[in-house]
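So you can see what is in the structure, the chains are spelled out below.
There are 2 protein chains.
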Amino acid sequence: MVSGSSNLVRYNRGMNVGVLGTGVVGQAQAAKLSELDHDVVVGTRDTKDKKIKGLKIVSFAEAAAHGELIIEALNGNAALTVLKLLKKQLAGKVLIDISNPLDFSSGELRLTVINDDSLGEQIQKALPKTKVVKAFNTMNASVQVDPASVAGGDHHLFIAGDDKKAKTEVEKLAKSYGWKNIMDLGGIKSSRGMEMILPIWLNLFGVLGTANFNFKITK
Amino acid sequence: MVSGSSNLVRYNRGMNVGVLGTGVVGQAQAAKLSELDHDVVVGTRDTKDKKIKGLKIVSFAEAAAHGELIIEALNGNAALTVLKLLKKQLAGKVLIDISNPLDFSSGELRLTVINDDSLGEQIQKALPKTKVVKAFNTMNASVQVDPASVAGGDHHLFIAGDDKKAKTEVEKLAKSYGWKNIMDLGGIKSSRGMEMILPIWLNLFGVLGTANFNFKITK
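Going down the list, the sequences are from chains A and B. So in my numbering, the last spot in the first sequence is 221, and the numbers never skip. So in my numbering, the last spot in the second sequence is 221, and the numbers never skip.
It should be emphasised that the hints constitute simulated quantities derived from the structure, not laboratory data. The structure displayed is predicted, hence computed values, not measured ones. There could be a bad hint or two in this list.
The list treats identical chains as one, so a pair stands whether inside a single copy or across any two.
What the hints assert, rightly or not - Below, computed lysine to aspartate or glutamate pairings styled on DMTMM-like, alpha-carbon distance capped at 25 Å:
hint	residue 1	residue 2
1	K58	D118
2	K53	D119
3	K58	D41
4	K166	E110
5	K52	D165
6	K127	E110
7	K174	E110
8	K52	D118
9	K221	D119
10	K177	D39
11	K218	E173
12	K50	D105
13	K89	E37
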């Protein structure tokens, strides 16, 4: 395990990664990272309840401490609460925020953070010593880790974050997943547009009858 | 001039079209429609102020009365107020809503209608006898009327509306502009996602340094 203040991450293999969240996204990311020979643990709230074949399930705190790199794949409505408790373990590290502030409780899709704020920004504000990079939140989990499964990979991954080096590291990771088209949208403020694309994503999911699609920017 | 209750529109040539709004979008749409030999007038609030080469500028009411088909290219924050005054002239007609509820007055981009409502829905509610189709709002004016100018036209036009026949008519019009990929996102409620894509559109505009791009859905 590398100390929390280390910025050195190895993308080819052997990196310690802490995945937060045992949902579809957390599982897909953890499986891909394990396949790429990284040392992956997956953090959950209550380890007693969780047994997922092939994954090392630990507490949130253990996953946050284990990772040189953190993949945050929490439910968007819980993310901020969980992350605030892990502030110390996450200091100095790169955290990839995949979460979306979606709320279906009213029967209608609503984003709980919107317009002049975003979940990405709220997370960066709550964890000022962590290098938050918004990424992978605009496509299905299977597409995140296997971009070639859609149109041979000819579509876009958007990333946003205030720390340029952190974004370079996330780009390297994405390339190791097979991503060819990565578009840096700027600072963490650009999470706004990346989160507000979810309503049309869900609409397209319904119309196309599959989640196996993605946005490509043509020019 | 055809009566307000007529649903018969001719897309090849010779159709009466009323464009509402003299901004960049209204001008581009009017110029394209004129080029395609339609009889186009452009409605504005105060006809004394407006002289635009090659366009017949009339009042909002005259444009609404003239059109068998209406292109609504108003400022998103004025659209509803203007349209409510034209209720009678617009009854029975297909209205293409291109407007976006963008507000930059705070210094930050905000959508004034969002989440569980949209401008498209508000317009349909205000004009129950008009067949509102949301379209063309997710790309630059030049791309709207000349899709081949971006990647040879290999990208998507989204449309949404409650009236299937009206959407078929809008698809025919779009095809006459050169659109090859048209995706029907469903009822007018799908305006939500189409409007909420604007923040990332504006972000991409800044990053790419050009408005000459568009979204393509790859699968």
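Each hint, compared with the structure:
no., hint, in the structure
1, K58 / D118, "neither (38 Å within a copy, 40 Å between copies)"
2, K53 / D119, "neither (36 Å within a copy, 41 Å between copies)"
3, K58 / D41, "within (10 Å within a copy, 69 Å between copies)"
4, K166 / E110, "between (37 Å within a copy, 23 Å between copies)"
5, K52 / D165, "neither (34 Å within a copy, 48 Å between copies)"
6, K127 / E110, "between (28 Å within a copy, 18 Å between copies)"
7, K174 / E110, "neither (37 Å within a copy, 32 Å between copies)"
8, K52 / D118, "neither (37 Å within a copy, 35 Å between copies)"
9, K221 / D119, "neither (28 Å within a copy, 31 Å between copies)"
10, K177 / D39, "within (15 Å within a copy, 50 Å between copies)"
11, K218 / E173, "both (17 Å within a copy, 22 Å between copies)"
12, K50 / D105, "neither (27 Å within a copy, 49 Å between copies)"
13, K89 / E37, "neither (29 Å within a copy, 61 Å between copies)"
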